[in-house]
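Got chain A; can you put chain B on it based on the hints?
First to last, the protein sequences are chains A and B. Read in order, the letters of the first sequence are residues 0 to 749 in numbering that gives the first Met the number 0. Read in order, the letters of the second sequence are residues 0 to 370 in numbering that gives the first Met the number 0.
By construction, these hints were calculated from the structure, which means they are not laboratory data.
If we take Cβ atoms under 7 angstroms as the criterion, some of the chain A residues that face chain B in the derived model are:
id : residue
1  : Leu-118
2  : Val-149
3  : Thr-176
4  : Thr-196
Here are some, though not all, of the chain B residues that point toward chain A, as calculated from beta-carbon distances under 8 angstroms:
id : residue
5  : Ile-35
6  : Trp-36
7  : Cys-116
8  : Trp-123
Positions of the beta carbon are idealized from the N, C-alpha and C atoms, including for glycine.
Next come the chains, spelled out residue by residue.
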Amino acid sequence: MTMPRAMQALILVTAMLSLSAFCIADDSFVFLSFSLVAAALSGVLSQGARPRRLPTLVAHSIIASLVAAAAVSAFLAGRPPDVGQVGFLCGTALVIKLFARHRAADERHVLALGSILLLVAALDGTDVLAGLPLVLGSLLMPVCAAAAWVQSSTERAAAAHAARIPSGALPVAFEPTVGTSPMRSWTGFAIASVIVTAICGVLVFLGFPRQGLEGETWSRTRAGGFSLRVSLASDERIEDSRTEVMTVRWIGPDDVAIEHSEPLHLRGAVFDRYDPISQSWQVPQQPRREYVEGDGAAFVPFVDSGIDARFQVYRQVVQMRGLATNQVFSVLAPISIQAASGMSVALDQSTMLLSSASSRIGEFDRYAVAVKPYASDRDMTLLSGGFVEPGPLPTFPVAGVQPLALELWEQWKPRGRMVPDLEEAARRPAARWERNRAVATALESALLSGDYRYTTDLGSIVRRRGEDPIVNFLASSRQGHCQYFASALCAMCQSMGVDARVVAGFIALEYDAAQLQYIVRSSNAHAWVEVRTGDAQWTTFDGTPPTTLEALQAEQRSWADGLRWLWDPLNFAWTRHVVSFDVQAQAELADRMASTREALSRPVRAVREALDAVRQRLVETFSGLVGSLWLVSIGMVLAASIVVVVLLRGRRRRTAPLLGPGASPRERELTRHYLDALRIARRLGALRRPGMTPFDVAAALAVRSPEAAMHLRSVVEGFYAVRFGGRPATAERCSAAARSLMALRRTRTL
Amino acid sequence: MRRRLSYRPALGGLVFVIGVLVLVMAVVWRPSNLLIWAVGTAVGMIVVSGLASGAMMIALRVRRLVPRDARVGQPLVLQYEVRNASWIWPAFAVSIRESALGPSQGWLVSVGPGERCVVELAWWPQQRGEVQLSDVIAQSAFPFGLVGKRVTWRQRATITVLPRVVRVPAPRLRALLDRGPAGQRAASRPGHGEEFFGVRDAPELTSLRDVAWRRSASREQLAVIERASPSYPRLRIVLNLSEPTDALAARVPAGVDARQREEDAITLAASLASSAITLGHEVSLRVHGLPCAPMPAAGGVRHLDRLLVQLAKLDLDAPRATAMVSGPGDERSATVVIHPGRIDPSIGGAAAIHQSAAQLQSLSSRQGSAA
Numbered sequence: 000m001t002m003p004r005a006m007q008a009l010i011l012v013t014a015m016l017s018l019s020a021f022c023i024a025d026d027s028f029v030f031l032s033f034s035l036v037a038a039a040l041s042g043v044l045s046q047g048a049r050p051r052r053l054p055t056l057v058a059h060s061i062i063a064s065l066v067a068a069a070a071v072s073a074f075l076a077g078r079p080p081d082v083g084q085v086g087f088l089c090g091t092a093l094v095i096k097l098f099a100r101h102r103a104a105d106e107r108h109v110l111a112l113g114s115i116l117l118l119v120a121a122l123d124g125t126d127v128l129a130g131l132p133l134v135l136g137s138l139l140m141p142v143c144a145a146a147a148w149v150q151s152s153t154e155r156a157a158a159a160h161a162a163r164i165p166s167g168a169l170p171v172a173f174e175p176t177v178g179t180s181p182m183r184s185w186t187g188f189a190i191a192s193v194i195v196t197a198i199c200g201v202l203v204f205l206g207f208p209r210q211g212l213e214g215e216t217w218s219r220t221r222a223g224g225f226s227l228r229v230s231l232a233s234d235e236r237i238e239d240s241r242t243e244v245m246t247v248r249w250i251g252p253d254d255v256a257i258e259h260s261e262p263l264h265l266r267g268a269v270f271d272r273y274d275p276i277s278q279s280w281q282v283p284q285q286p287r288r289e290y291v292e293g294d295g296a297a298f299v300p301f302v303d304s305g306i307d308a309r310f311q312v313y314r315q316v317v318q319m320r321g322l323a324t325n326q327v328f329s330v331l332a333p334i335s336i337q338a339a340s341g342m343s344v345a346l347d348q349s350t351m352l353l354s355s356a357s358s359r360i361g362e363f364d365r366y367a368v369a370v371k372p373y374a375s376d377r378d379m380t381l382l383s384g385g386f387v388e389p390g391p392l393p394t395f396p397v398a399g400v401q402p403l404a405l406e407l408w409e410q411w412k413p414r415g416r417m418v419p420d421l422e423e424a425a426r427r428p429a430a431r432w433e434r435n436r437a438v439a440t441a442l443e444s445a446l447l448s449g450d451y452r453y454t455t456d457l458g459s460i461v462r463r464r465g466e467d468p469i470v471n472f473l474a475s476s477r478q479g480h481c482q483y484f485a486s487a488l489c490a491m492c493q494s495m496g497v498d499a500r501v502v503a504g505f506i507a508l509e510y511d512a513a514q515l516q517y518i519v520r521s522s523n524a525h526a527w528v529e530v531r532t533g534d535a536q537w538t539t540f541d542g543t544p545p546t547t548l549e550a551l552q553a554e555q556r557s558w559a560d561g562l563r564w565l566w567d568p569l570n571f572a573w574t575r576h577v578v579s580f581d582v583q584a585q586a587e588l589a590d591r592m593a594s595t596r597e598a599l600s601r602p603v604r605a606v607r608e609a610l611d612a613v614r615q616r617l618v619e620t621f622s623g624l625v626g627s628l629w630l631v632s633i634g635m636v637l638a639a640s641i642v643v644v645v646l647l648r649g650r651r652r653r654t655a656p657l658l659g660p661g662a663s664p665r666e667r668e669l670t671r672h673y674l675d676a677l678r679i680a681r682r683l684g685a686l687r688r689p690g691m692t693p694f695d696v697a698a699a700l701a702v703r704s705p706e707a708a709m710h711l712r713s714v715v716e717g718f719y720a721v722r723f724g725g726r727p728a729t730a731e732r733c734s735a736a737a738r739s740l741m742a743l744r745r746t747r748t749l
Numbered sequence: 000m001r002r003r004l005s006y007r008p009a010l011g012g013l014v015f016v017i018g019v020l021v022l023v024m025a026v027v028w029r030p031s032n033l034l035i036w037a038v039g040t041a042v043g044m045i046v047v048s049g050l051a052s053g054a055m056m057i058a059l060r061v062r063r064l065v066p067r068d069a070r071v072g073q074p075l076v077l078q079y080e081v082r083n084a085s086w087i088w089p090a091f092a093v094s095i096r097e098s099a100l101g102p103s104q105g106w107l108v109s110v111g112p113g114e115r116c117v118v119e120l121a122w123w124p125q126q127r128g129e130v131q132l133s134d135v136i137a138q139s140a141f142p143f144g145l146v147g148k149r150v151t152w153r154q155r156a157t158i159t160v161l162p163r164v165v166r167v168p169a170p171r172l173r174a175l176l177d178r179g180p181a182g183q184r185a186a187s188r189p190g191h192g193e194e195f196f197g198v199r200d201a202p203e204l205t206s207l208r209d210v211a212w213r214r215s216a217s218r219e220q221l222a223v224i225e226r227a228s229p230s231y232p233r234l235r236i237v238l239n240l241s242e243p244t245d246a247l248a249a250r251v252p253a254g255v256d257a258r259q260r261e262e263d264a265i266t267l268a269a270s271l272a273s274s275a276i277t278l279g280h281e282v283s284l285r286v287h288g289l290p291c292a293p294m295p296a297a298g299g300v301r302h303l304d305r306l307l308v309q310l311a312k313l314d315l316d317a318p319r320a321t322a323m324v325s326g327p328g329d330e331r332s333a334t335v336v337i338h339p340g341r342i343d344p345s346i347g348g349a350a351a352i353h354q355s356a357a358q359l360q361s362l363s364s365r366q367g368s369a370a
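In isolation and in its complexed conformation, chain A is listed as follows:
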């Protein structure tokens, strides 16, 4: 394969990797199959004696039409195209350009579009299937860019050469010089380039400052998936990734894996205060933590005694797949945990949240939690670390929510049953809990009534400046995703004096009857509400229509789900080490490096101490006159050795250009005599001008000294016989040349 052909093939491969990365990150498998087939076809068509390529004008016209159509579409929609649409546009343009590769500029366009696709994939993708082509493509991109640059600069040089030929003058063909083994050279450069790029990529990846996200995994800040934040400020479309986050085996009290009667609400985070400025929910302050250590086999209870673990105790066995995190997802209320020996787990007694106390992200990837979904008030009090005094009745900081809540309450409150009012609720806890339940039930019914629509695309929602998103959701738009439903329900409850909090985590809907386990995907990230219905009791209320979630789940199901066992472990490792690499992991890495440096410094220190001892010994040995003499002698010997080495290297270097590699010592000696003879001739006044042969020099020397010319000719003939005549460099020939050289040295000019 010739060098240009290899470069074209490499660029095609990189373009296909970019397309793959983008399409997988965007879950566009139809576009992926279409574009890869088209790219492969373009490679086949553009090869051979008669390559078929799309005319540049046609290709550019199609691309311009696509861009114009996208711009018009965006204008009509009233919002700019999102990253995915830009990716589609670039992908289509890339495929078209692949069919119109005429010049190096076209290759550069292909690479530029490929780079944009890789960036879009980096923004959108977290899967290993998207990540691997992304990493591979980004490593190959510098090699391709260099190839395209060589090609384009050669084209530019050819064009400049053609432009420099004067009109009417005899033209000279442009003949770029190529070394004897360009492919080998290029391969070497490509390998070195990939290695250097990979090293730089890894170093930047490890060292890039990831500030302000301590305690969160990097990936969880994304709009979709689980997050330690519930923010309503963003109007981005949340992702509907099918990435398998975890599997949950739900084992009933009779030790049989079953499907629960309701979707499992796996809790990961709790928020109890709303900040109208940042339009996000805040986590509770001052958590009370209880730590337990796993012993590998048995369940370790969070509370030493008192909880009845015989009845209505379920076990959830969690295997983390695609999400590396320190959160331990569990159904309310966890009573004990089975974890690997040495693993430390913390229970936040105020929120009943579990988390790993390890600093290493994702280390806690398999665990089993015993839970009591229907825990009694006594059990909950024990788990909470004792009775928790009910505080003052809560309020909600956004004034516009309460009238809306009251309106819905009036509409959906229970008929024919008295609900305690606020004054009574403030006075008597039992009345408070009863009122909380009634109000939350009514408001949940209002949200589930069908007046509110579930959507993941928030781009079309019109929001007035300064308007709170919860008020907007309740009063005007009436559409949003689970965080909006949960926020609205919690906000209305709090505005009516009900103790409520937002919970984020995953909802397990998809049950694999063959494997007897729930499959929890990234798109199953969910938010709901918990309302205090007892001294330590919190009851789950979910305002999001369950039918919508199930329909969405069924809609996203595909044949590829059956193959996920193949790459889910890989995906987990990818998420654990790459996607979730955050400031905590950086700190841990820094600690590990520090300890490694410490370990490495020990032998260095030992060597240094040994050198110090040797130096001390030398100082003792060479002190005084005798020592100084010794030192001077050694120095002189060393200097002489260096001089000898330098001279030998110089002599060798002097003869190398004339002999090439593999010359014998006698050939080198003969060559030295030849060069020395020419030097003496120059000293005698016979300069060797450009174009003069050594025999011309001898002829010039003959004018001044015929004898010297004769000796010079003798040396030159001896050298020529060996170098060009194929004669062996014998000892006689060398000694004859040496004699002639000696004679030449002795001669005097006329």
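Just chain B now, kept in the frame of chain A:
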């Protein structure tokens, strides 16, 4: 051979760095580890650019091979021996050019570690004279065009650009020669011509045609006739450049460049000499007005080269001498006197043929240039 390494920032590099900064801002705006990886690879590209091109240019050795003489209007291919002294790094996309020759450049696509190869640079000289070559420049912005690297070697050399030569058609040249006493003659040495040289004794009969019957009969010994060696006609070219350019400018018609006329005169002299020598004539040259040693009549390619070199070295900016150059006259030569401007019949003798530089136009327009 002195070497100098310099860097030149390129617009592409600036754009790339700005792109990387935008990428960093994108990472801050929308945190993603894969975007950070993209930033890392971009940084890697900068490092590869610096490492690859720096190492490659430092290890490059360029030596100009001995240039030969050039000729106006004809391409001169200069050759350079490029050696990659590195045992690790190959070199790619290197342009080789001369500081004295403008933008003409040779192009090296690749040279492997430890390899050496020859790069060719084509140059079309537009003016005769001597060109002093000074710096050989190797330049490359490999691998991405971010930063241009340039290595300069000081290697002095001189190229003589010979004057343009127009082919003078043989009939026209013969017409010129026939007008003077330049007829073919016999040389004073035996040869194979037609003229009689002498009679000598012949031990064996060679050809009946050559037998000198009368002499053989009188001496009763076989004698044969020897023929003289032929001698080719001679052309004496006298280039009259005694009139300074300024004075000439006043005489030439409006719109005609006087300096160009002088160059045309030189071209005409070179063309006549070249065509005559090609036809086997012997040509001598004298230049009036400028310091130039007279060249005796001789034939052959080497003589033509010497003659053209003399014409190439004429410095028209030098002060002009009005005194005529004296030299050995040759009454058996056809003399052509070439004048840049008005013809001065006092030069070259009565039998001289006078040609004006303006006649070059008609000569070249009819025949085109060649040589």
